[in-house]
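Residue numbers (our numbering), protein chains in the order written: chain A, 1 to 486; chain B, 1 to 483.
These are computed hints drawn from the structure, not numbers from a lab.
Do not take every clue at face value.
Among chain A residues calculated to face chain B with C-beta under 7 Å, some are [to be verified]: (1) Asp234; (2) Ser316; (3) Ser319; (4) Ser364; (5) His365.
Taking lysine-lysine and the DSS-like style, the derived pairs with C-alpha atoms no more than 27 Å apart in a straight line are [as the list claims (entries may be wrong)]: (6) Lys342(A) x Lys79(B); (7) Lys353(A) x Lys79(B); (8) Lys479(B) x Lys450(B).
Pairwise CB distance ranges, derived in the manner of DEER restraints [to be verified]: (9) Thr413(A) x Met260(B): 41 to 51 Å; (10) Glu110(A) x Leu278(B): 20 to 30 Å; (11) Ala285(B) x Arg285(A): 46 to 56 Å; (12) Ala266(B) x Val416(A): 30 to 40 Å.
No residue lacks a Cβ here, since even glycine has one placed at the ideal position from N, Cα and C.
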Amino acid sequence: MINSGLKALSQNLADRKISSVELTRAYLERIDAHNGAVNAFITVDAEASLAQAKAADARIALGDAKPLTGIPIAHKDIWCAKGWRTTCASRMLENFRAPYDAHVIERFNEAGAVILGKTNMDEFAMGSSNETSWFGPVKNPWDQERVPGGSSGGSAAAVAAALTPAATGTDTGGSIRQPASLCGVSGLKPTYGLVSRYGMIAFASSLDQGGPLARTAEDLALLLDVMVNFDPRDSTSLDRPEEDYSRMLEAPLNGLRIGLPREYFGDGISGDVRTAVEAAIDEYRKLGATTVEVGLPASELSVPAYYVIAPAEASSNLSRFDGVRYGFRAEEYTDLLDMYCKTRAQGFGAEVKRRILIGTYVLSHGYYDAYYLQAQRIRRLIARDFSQAFEQCDVIMSPTSPSTAFGLGARMTDPVQMYLSDIFTLAANLAGLPGMSIPCGLDSAGLPVGLQIIGNYFSEARMLNVAHLYQRQTDWATRMSPVAAS
Amino acid sequence: MDWEIVIGLETHAQLSTRSKIFSGASTAFGSPPNTQACAVDIALPGVLPVLNIDAVGKAIRFGIAVGATVNRRSVFARKNYFYPDLPKGYQISQYETPVVEGGQVAIQLDGVEKIIHLTRAHLEEDAGKSLHEDFHGMTGIDLNRAGTPLLEIVTEPDMRSAEEAVEYAKTLHALVRWIDICDGNMQEGSFRCDANVSVRKRGSDQLGTRREIKNLNSFRFLQQAIEYEARWQIEHLEEGGNIQQATVLFDPDSGQTRLMRTKEDAHDYRYFPDPDLLPLEIDDAWLERTREDMPELPAVRRQRYQNELGLSAQDTVLLVSDRETADYFEATLAAISTGDRAAAAKLAANWINGELAAALNRAELELPASPVSASALAGLISRVIDKTLSSKLAKEVFDGLWSGAGSADEIIDKRGLRQISDSGAIEKLVDEVIGANEQQVADYLGGKQKAFNSLVGQVMKASKGKANPAQVNEILKQKLDKR
Numbered sequence: 001m002i003n004s005g006l007k008a009l010s011q012n013l014a015d016r017k018i019s020s021v022e023l024t025r026a027y028l029e030r031i032d033a034h035n036g037a038v039n040a041f042i043t044v045d046a047e048a049s050l051a052q053a054k055a056a057d058a059r060i061a062l063g064d065a066k067p068l069t070g071i072p073i074a075h076k077d078i079w080c081a082k083g084w085r086t087t088c089a090s091r092m093l094e095n096f097r098a099p100y101d102a103h104v105i106e107r108f109n110e111a112g113a114v115i116l117g118k119t120n121m122d123e124f125a126m127g128s129s130n131e132t133s134w135f136g137p138v139k140n141p142w143d144q145e146r147v148p149g150g151s152s153g154g155s156a157a158a159v160a161a162a163l164t165p166a167a168t169g170t171d172t173g174g175s176i177r178q179p180a181s182l183c184g185v186s187g188l189k190p191t192y193g194l195v196s197r198y199g200m201i202a203f204a205s206s207l208d209q210g211g212p213l214a215r216t217a218e219d220l221a222l223l224l225d226v227m228v229n230f231d232p233r234d235s236t237s238l239d240r241p242e243e244d245y246s247r248m249l250e251a252p253l254n255g256l257r258i259g260l261p262r263e264y265f266g267d268g269i270s271g272d273v274r275t276a277v278e279a280a281i282d283e284y285r286k287l288g289a290t291t292v293e294v295g296l297p298a299s300e301l302s303v304p305a306y307y308v309i310a311p312a313e314a315s316s317n318l319s320r321f322d323g324v325r326y327g328f329r330a331e332e333y334t335d336l337l338d339m340y341c342k343t344r345a346q347g348f349g350a351e352v353k354r355r356i357l358i359g360t361y362v363l364s365h366g367y368y369d370a371y372y373l374q375a376q377r378i379r380r381l382i383a384r385d386f387s388q389a390f391e392q393c394d395v396i397m398s399p400t401s402p403s404t405a406f407g408l409g410a411r412m413t414d415p416v417q418m419y420l421s422d423i424f425t426l427a428a429n430l431a432g433l434p435g436m437s438i439p440c441g442l443d444s445a446g447l448p449v450g451l452q453i454i455g456n457y458f459s460e461a462r463m464l465n466v467a468h469l470y471q472r473q474t475d476w477a478t479r480m481s482p483v484a485a486s
Numbered sequence: 001m002d003w004e005i006v007i008g009l010e011t012h013a014q015l016s017t018r019s020k021i022f023s024g025a026s027t028a029f030g031s032p033p034n035t036q037a038c039a040v041d042i043a044l045p046g047v048l049p050v051l052n053i054d055a056v057g058k059a060i061r062f063g064i065a066v067g068a069t070v071n072r073r074s075v076f077a078r079k080n081y082f083y084p085d086l087p088k089g090y091q092i093s094q095y096e097t098p099v100v101e102g103g104q105v106a107i108q109l110d111g112v113e114k115i116i117h118l119t120r121a122h123l124e125e126d127a128g129k130s131l132h133e134d135f136h137g138m139t140g141i142d143l144n145r146a147g148t149p150l151l152e153i154v155t156e157p158d159m160r161s162a163e164e165a166v167e168y169a170k171t172l173h174a175l176v177r178w179i180d181i182c183d184g185n186m187q188e189g190s191f192r193c194d195a196n197v198s199v200r201k202r203g204s205d206q207l208g209t210r211r212e213i214k215n216l217n218s219f220r221f222l223q224q225a226i227e228y229e230a231r232w233q234i235e236h237l238e239e240g241g242n243i244q245q246a247t248v249l250f251d252p253d254s255g256q257t258r259l260m261r262t263k264e265d266a267h268d269y270r271y272f273p274d275p276d277l278l279p280l281e282i283d284d285a286w287l288e289r290t291r292e293d294m295p296e297l298p299a300v301r302r303q304r305y306q307n308e309l310g311l312s313a314q315d316t317v318l319l320v321s322d323r324e325t326a327d328y329f330e331a332t333l334a335a336i337s338t339g340d341r342a343a344a345a346k347l348a349a350n351w352i353n354g355e356l357a358a359a360l361n362r363a364e365l366e367l368p369a370s371p372v373s374a375s376a377l378a379g380l381i382s383r384v385i386d387k388t389l390s391s392k393l394a395k396e397v398f399d400g401l402w403s404g405a406g407s408a409d410e411i412i413d414k415r416g417l418r419q420i421s422d423s424g425a426i427e428k429l430v431d432e433v434i435g436a437n438e439q440q441v442a443d444y445l446g447g448k449q450k451a452f453n454s455l456v457g458q459v460m461k462a463s464k465g466k467a468n469p470a471q472v473n474e475i476l477k478q479k480l481d482k483r
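So that you can see chain A by itself, here it is in the shape it has in the complex:
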């Protein structure tokens, strides 16, 4: 049962072959048994989860079930969930209990889903390896000496280790796609504005976007149906007609035009990654797709642009963590300034402080034009590149990450090397485009490789269709990590 997709789980619940309480308990037992090894969860509250499961069972009995009713789902610990400790993996919020639900949590609650727990992540979503968490690093279920990617590393690892059928994540520069790639699961970052950011603790507001992680594209479609919803409490939320993201899953791929950006297939990609991605593209050709080389010349500037804009917004977004109203406050201080300094010095980890400093610097008087405004210009160039590319193709494909999972600690001393793990994913955030990652092979060490699919704005249903038909044709999505198999 734990290897079933959401549709099958839903069917089994409807047929009363299993109850939500039984299903939830089964996953809670797996978390008990395996979380020590992967550290994917920060908070588990069996009592709260089982109470929701019981309510879901009652709803199923009444015939009032929706597709996700009774299904346990893990949430990245960046989403506020009423009554749940919500830490953002920071000491700053170690004991913060959210007094309200994020819009996304409300949507899952309305759908009758069960909150299985809150997953580990990089502190305030800043990181690409899930090593910056105050609650310790997440281990990759495929090889516990390696990182799961980040920042949604806990969510990706939990799905890969079969500790949850599905999870939510957030993606600011690749934080859903890169860990999905490194953990061998599927993940999707929607078009900016589709998923409400209300109740999602902000990292970089103009880039942050919530999205789902699961085994397959078919599962992602069901999750997206719940997550995408207009929310007037988020001024950047888009008011669009409701979509059924599963509606095109089976549409044939004949005539699909795949754009291959030459900049994304250059040096710096590991041989195994290149081989796996090229094999996947060959598979698409067999499915009737054609390929065309496209240019995204401004993409090479996405790393510097991103590392100006994201820290700038973060430096301001994280100012509210000042020890005054909630969260961590240093125990001893002499005056107000000392309280601020010690609280923030002790409450934030090194990577968060680094980005606050970078962000403060680039917004400073005399530097703003040279950094922040220049980065915004690059951002427009990147978006223009994509819009030109999409005149020639329907989707763009590339490796999600230049390499497979790297060793724990391997890049912690070299931030630039760490930042380069997101080189292929950043551009979609800067342009606001939807992007996803699906498993497309294993490297020689047996570690998963991810294929990135970037679509045009609001083309999520088509992207899921593209991913789904590949997943029917190949078995990469159903390969089990050693932890999942145990």
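Got chain A sorted already, so can you dock chain B onto it with the hints?
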């Protein structure tokens, strides 16, 4: 040496919306601390601002009222600094592109009009309050005020004296109340000014270095602070000193300004566009709707009173000092059915600016709470116009209206105050007085004008004040001159 004072004002007008500028919490004043601060106001993790359209509508009203450009697209920016009563660690304001640019306010000082140009007006949120009393060695934070909508109205350095600055502030204060965007309650901080003051040698076209006096919440403090600050700067310069750009606070107890911070330790606010809010777009339809909804502005109304009703500039300045007074005046005038419009207007203006204003002042009441309604006052004035009442007895009737003794007609009848305009009756009184005062009659005929006034007084007294004084004068004169 001859110095010129140069003043620019930045005024924070609290917009009278029901809820806050970026949250749904109430803006009502005076609730227990932190009972009107919702998740957004407290800046809980994950919350987001949503712009209150009503606040924008009020900013547009202001822009139209001062003849400014209302920008079709303006941008909210974050002003970053740490302070315990600033929950997000930044204030949402407008920086490079404000909602209102330009415009002007005309002030009247000693009968002379002067134009004060506005630089801009922008929307922003207020901070909370730090409470230092009641917390020994600690500070309490009240976030009820956090997120209250403000319109910051910035002038050019157009004012040249504390009097001009106060007159501008008063005119602006009346205007924002007139167009119903701010309640103007200065004690509650709904309208407060920062004054940028510099001095220069008269004739110079260079501006001196300015110092900014923060948070002046009464016209008196504004006047005192500017006067003290300008004097201080002049003395300092004459002693050979330099003025350093600085922010100062005014201490009402000592009447002095004192240094808060200099430019060196000024914050770098690191402004940048707020990514949580879309640019504010105002279309022509919105502007047009607002324009149609605007009341007649005080300057227009003042001009109309002068042109159509022939009122003096002095009368009209008082009548349009706030919308309640002007509306009261119009209601009074409309209810006077008799007589010539100009005469009725003049009488109404005199009564409202005179007797009524004085009575309200004595009772410490505002016009809307006046015990004498516009129609009641009109009833009184109508009886003055048709000569039923002498102006002396009219005051007695007014007192009756004030104390709730009924309408003017009821009071006149009850107390028998109807003016005697029957010439036969007056002639009889005059004959009696002449007969009883031979000496004074002789004095008058001998050339003493005073004696005439005394005789008039006696006729009036004999009529218990009810005789028409003009008729008494006329008849008395005729009869004496016949002698």
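Practice task
Compare the distance between the alpha carbons of Lys353(A) and Lys79(B) with 27 Å, and conclude whether the hinted pair is satisfied.
Solution key: holds, 20 Å
Exercise for the section: Decide if the proposed pair is consistent with the structure: Lys479(B) and Lys450(B), CA atoms, cutoff 27 Å inclusive. Expected result: At roughly 17 Å apart (the allowed maximum being 27 Å), Lys450(B) and Lys479(B) satisfy the hint.
Exercise for the section: May I ask you to test the hint 30 to 40 Å on the CB atoms belonging to Ala266(B) and Val416(A)? Expected result: Holds: the Cβ-Cβ distance is about 34 Å, inside 30 to 40 Å.
Handout entry: Restraint check, 7 Å cut-off on beta carbons, for Asp234(A) near chain B
Key = holds, 5 Å
Practice task
Given the range 41 to 51 Å, decide if the beta-carbon distance of Thr413(A) to Met260(B) lies inside it.
Solution key: holds, 45 Å
Handout entry: Status of the Ser316(A) interface restraint (C-beta, 7 Å, chain B)
Key = The hint holds - Ser316(A) has a Cβ within 7 Å of chain B, the shortest such distance being about 5 Å.
Problem - Verdict for Ala285(B), Arg285(A) (Cβ pair) under range 46 to 56 Å - result: holds, 53 Å
Practice task
Take the C-alpha atoms of Lys342(A) and Lys79(B), compute the straight-line distance between them, and say whether it is at most 27 Å.
Solution key: Holds, at about 23 Å.
Exercise for the section: Please test the hint of 20 to 30 Å on the beta carbon pair from Glu110(A) and Leu278(B). Expected result: holds, 27 Å
Practice task
Closer than 7 Å between Cβ atoms is the bar; does Ser319(A) clear it against chain B? Give me holds or violated.
Solution key: Cβ of Ser319(A) sits 2 Å from chain B, so the hint holds.
Practice task
Could you check if Ser364(A) really has its C-beta closer than 7 Å to a C-beta on chain B?
Solution key: It holds, given that the least Cβ distance between Ser364(A) and chain B is near 6 Å, below 7 Å.
Exercise for the section: Have a go at the His365(A) hint: is there a Cβ in chain B nearer than 7 Å to its own Cβ? Expected result: Check passed: Cβ of His365(A) comes within 5 Å of chain B, closer than 7 Å.
Consistency note: the structure conflicts with none of the earlier hints.
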